[in-house]
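S.K.: Sequence:
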Amino acid sequence: MTGFPDYPFASRWFAHPRRDGLRQQYLDEGAGQPVLFLHGNPSWSYLWRRPILALREEFRCIAPDHIGMGLSDKPGADRYPYDLAARVDDLDALIEHLVTAGGAPEHGWTLVLHDWGGPIGMTWACRHPGRVARLVLLNTAAFPNPHGERVRPLLRLPFRVLRDTRLGTRLFLRHNLFARGATWRPLGVRRRMPAAVRSAFLAPYDRPEHRVAIQRFVQDIPLRPGDPSWPVLHGTGTSLAQFADRPMLIAWGLGDPVFDRAVLGEWQRRFPAARTRLYHGAGHYLLEDAHADLVPVIRSFLRTPPGA
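The sequence shown begins at 9 in the working numbering and counts up by one.
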């Protein structure tokens with residue numbers, strides 16, 4: 009799989025020793041202080057192409073594809089747990105590999121997080137708070153749903169169908185509806201996505217057996233204490249205050265139907281000193297709709313000395 013627009017990067021590979029050698033693809037571009045980009049569902053490291061191209065002359069940009077996503081191996085559910093705890097363990101193993109064998113520093117990491125990258129990245133950060141220097145948050149969360157146990161009324165029926173029914177399984181696996189929908193207006197973007205870019209976002213999920221992770225991410229969303237990943241998410245949410253002294257940039261596409269103003273408000277309540285940049289004409293894939301403004305904003309934020 010090659011030739012994606014604006015993605016001229018060499019694939020790197022990490023074989024997870026505790027995952028029966030499952031291979032995780034990651035990008036490792038440039039030199040300098042490390043910037044870790046974590047995507048969510050149903051995207052992959054292609055999401056980060058523009059900031060990596062803009063930052064790799066000054067920073068070491070690292071962007072993994074989660075197992076089952078992007079160009080990483082796509083095991084069946086019998087070979088991989090597909091839950092939040094496993095994702096955090098995978099990230100921990102990859103970063104330890106980069107520190108011990110890849111010349112990456114132990115400290116000074118910037119985390120750039122989108123969608124599920126928030127729970128994964130912030131749970132890892134809570135394990136290693138001393139390693140984290142800065143945070144960039146893009147339409148994500150790392151705490152229980154501020155709407156409570158119920159999703160928003162307009163999303164309740166489609167969410168239940170996708171997550172809990174056989175029809176949902178067919179829509180995920182046979183028709184790839186979730187990934188396709190994320191590239192459409194107004195579900196994932198507010199500006200029409202070019203056909204070649206849309207094809208690149210969908211390319212890793214070209215057949216049903218390659219779409220398992222997309223479905224499992226949705227099924228793993230913890231909404232209540234009985235859900236399997238609730239203890240991890242709840243624990244992370246209660247530990248976030250320790251990052252109040254870190255420089256933080258919150259950039260938000262206000263057209264996101266899931267990560268809405270309530271989620272944004274929860275971040276702002278917890279971190280009132282964070283810099284906030286709002287984009288009224290952007291949806292969930294914020295970097296697709298607002299990259300012309302957002303990428304320079306991120307670069308400026310990373311260049312600014314702490315406390316300035």
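Among the hints, a few may not be true.
[As the list claims (entries may be wrong)] Quick list of simulated restraints, FRET-style, between CB atoms:
no.	residue 1	residue 2	range
1	W238	R178	41 to 49 Å
2	A62	R283	16 to 24 Å
3	L175	A109	43 to 51 Å
4	R182	A300	18 to 26 Å
5	R200	A249	36 to 44 Å
6	P194	R283	20 to 28 Å
7	R278	L175	19 to 27 Å
8	A203	R178	24 to 32 Å
9	H218	T246	19 to 27 Å
10	P16	E104	39 to 47 Å
By construction, these hints were calculated from the structure, which means they are not laboratory data.
Idealized CB from N, CA, C, for every residue including glycine.
S.K.: Can you tell me whether the CB distance of R182 to A300 sits inside 18 to 26 Å?
M.R.: violated, 37 Å
S.K.: Per the hint of 20 to 28 Å, is the separation of the Cβ atoms of P194 and R283 within bounds?
M.R.: holds, 27 Å
S.K.: Given the hint of 41 to 49 Å, check if W238 and R178 actually sit that far apart at their C-beta atoms.
M.R.: With a Cβ separation near 27 Å, W238 and R178 fall outside 41 to 49 Å, so the hint is violated.
S.K.: Is 36 to 44 Å respected by the C-beta to C-beta distance linking R200 and A249?
M.R.: At 41 Å between Cβs, range holds.
S.K.: Taking the CB of A62 and the CB of R283, does the distance hold inside 16 to 24 Å?
M.R.: holds, 18 Å
S.K.: Go ahead and decide if the range 39 to 47 Å is satisfied by the Cβ distance of P16 to E104.
M.R.: Given range 39 to 47 Å: violated, Cβ gap about 28 Å.
S.K.: Given a hinted range of 19 to 27 Å, is it respected by the beta-carbon distance of H218 and T246?
M.R.: Violated, at about 36 Å.
S.K.: Between L175 and A109, is the Cβ distance one that fits in 43 to 51 Å?
M.R.: holds, 46 Å
S.K.: Indicate whether the distance between the beta carbons of R278 and L175 respects the range 19 to 27 Å.
M.R.: About 37 Å separates the Cβ atoms of R278 and L175, which means 19 to 27 Å is violated.
S.K.: Tell me if the beta carbons of A203 and R178 are separated by a distance inside 24 to 32 Å.
M.R.: holds, 26 Å
When held up to the earlier numbered hints, the structure conflicts with 1, 4, 7, 9 and 10 and fits the remainder.
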